[in-house]
Amino acid sequence: MKVHYGVENIEINRPVLTIGSFDGVHLGHLSVIEHLKEKARQMGGESVIISFEPHPREVLYPMEKKPGILTTLPEKISILERCGIDHLIILEFTRELSELSYAEFVELILIGRIGIKALVVGYDHRFGKDRTGNFENLQQLSRKYHFLLEQEKVFVTEHVNVSSTKIRNALAIGDIRQVNLFLGYPYSVTGEVIEGHRLGRKLGFPTANLQVDNERKLLPANGVYVVRVKVGEEVYSGMLNIGIRPTVSNDGRTSLEVHLFDFARDIYRQVLTVDFVARLRGEQKFDGVDELKEQLERDKKEAVRLLQEGHSR
18 MKVHYGVENI
28 EINRPVLTIG
38 SFDGVHLGHL
48 SVIEHLKEKA
58 RQMGGESVII
68 SFEPHPREVL
78 YPMEKKPGIL
88 TTLPEKISIL
98 ERCGIDHLII
108 LEFTRELSEL
118 SYAEFVELIL
128 IGRIGIKALV
138 VGYDHRFGKD
148 RTGNFENLQQ
158 LSRKYHFLLE
168 QEKVFVTEHV
178 NVSSTKIRNA
188 LAIGDIRQVN
198 LFLGYPYSVT
208 GEVIEGHRLG
218 RKLGFPTANL
228 QVDNERKLLP
238 ANGVYVVRVK
248 VGEEVYSGML
258 NIGIRPTVSN
268 DGRTSLEVHL
278 FDFARDIYRQ
288 VLTVDFVARL
298 RGEQKFDGVD
308 ELKEQLERDK
318 KEAVRLLQEG
328 HSR
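Going by the working numbering, the sequence shown opens with residue 18, and the numbers climb by one from there.
Hints listed in this document are in silico derivations from the structure and should not be mistaken for laboratory results. Be aware that one or more of the hints could be misleading.
[What the hints assert, rightly or not] Cut-off 20 Å, straight-line C-alpha distance, at most; resulting in silico cross-link-like pairs (PhoX-like, lysine-lysine):
1. Lys54 with Lys161
2. Lys146 with Lys134
3. Lys234 with Lys56
4. Lys19 with Lys161
5. Lys170 with Lys54
6. Lys183 with Lys170
7. Lys83 with Lys234
8. Lys302 with Lys317
9. Lys19 with Lys56
10. Lys234 with Lys82
11. Lys56 with Lys146
12. Lys247 with Lys317
13. Lys183 with Lys83
14. Lys19 with Lys54
15. Lys234 with Lys183
16. Lys161 with Lys134
Computed from a predicted structure; not experimentally measured.
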């Protein structure tokens with residue numbers, strides 16, 4: 018997959034294109050992507066995705082808190098590359114770009130710069146100033162500029178329409194099963210191992226403290242999770258706690274601590290990628306470290322069982 022930052026001097030053979038933020042790259046997105054790839058194959062062209070950086074809401078609503086994201090740009094690039102897309106175009110989302118009407122965007126960029134032969138859109142996709150570029154309006158432009166226009170149907174799983182908003186809502190309550198179901202793959206975070214308080218080692222559960230590599234990356238609700246962790250080229254099973262550690266700390270700061278099963282190496286300053294498999298429980302405050310240790314033993318036993326059975330919840 019070729020990654021282009023902007024549309025200057027871009028050369029693509031018979032471009033078949035779709036547009037979107039693709040935050041999360043969920044099953045609904047993947048359905049559009051498969052449609053896109055098949056149409057490109059039929060037309061003897063190349064599949065192209067246009068996405069935006071930063072998230073449009075940052076530019077459109079600068080006074081609001083920056084929106085959390087499901088997928089960082091490196092994650093998005095990696096996922097789309099695995100999907101078999103030929104070209105990914107990252108457009109810088111600016112105030113000037115936001116002022117373009119859907120017709121101007123099509124005329125100046127899709128036709129003028131890229132020369133699209135086909136445009137595939139999701140069932141509810143809109144773009145352009147005030148989001149007026151819907152399927153009906155695009156049909157007029159497709160006739161004017163002689164490109165094929167197709168719309169993907171809504172993607173439904175377990176009788177629910179899949180959307181990035183639903184994934185964010187599920188993540189906010191720690192419903193990893195629902196998150197992973199909608200994504201079609203495990204939700205993950207990447208971070209560097211930083212210095213911790215080493216309390217876990219005293220409890221018999223040494224932990225690596227993670228500093229997530231993007232402050233806008235959304236985290237699941239506080240609690241204890243079953244995880245698989247990539248360390249270098251190897252993958253280990255473990256447990257991860259997200260929270261304020263109320264039993265041993267009162268500073269109120271959220272931390273991510275991961276304990277890897279059957280692992281004793283020093284990984285300080287290494288970068289880990291954590292896949293969330295299942296949620297074990299919410300964060301609790303215990304009467305003391307002995308009670309905490311007993312609960313961690315129960316957590317580990319349940320985590321091993323879930324990993325062996327291949328369950329998520």
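Against the structure, the hints come out as follows:
no., hint, in the structure
1, Lys54 with Lys161, "violated, 24 Å"
2, Lys146 with Lys134, "violated, 23 Å"
3, Lys234 with Lys56, "violated, 33 Å"
4, Lys19 with Lys161, "violated, 29 Å"
5, Lys170 with Lys54, "holds, 16 Å"
6, Lys183 with Lys170, "holds, 18 Å"
7, Lys83 with Lys234, "holds, 11 Å"
8, Lys302 with Lys317, "holds, 18 Å"
9, Lys19 with Lys56, "holds, 19 Å"
10, Lys234 with Lys82, "holds, 13 Å"
11, Lys56 with Lys146, "violated, 28 Å"
12, Lys247 with Lys317, "holds, 19 Å"
13, Lys183 with Lys83, "holds, 19 Å"
14, Lys19 with Lys54, "holds, 15 Å"
15, Lys234 with Lys183, "holds, 16 Å"
16, Lys161 with Lys134, "holds, 13 Å"
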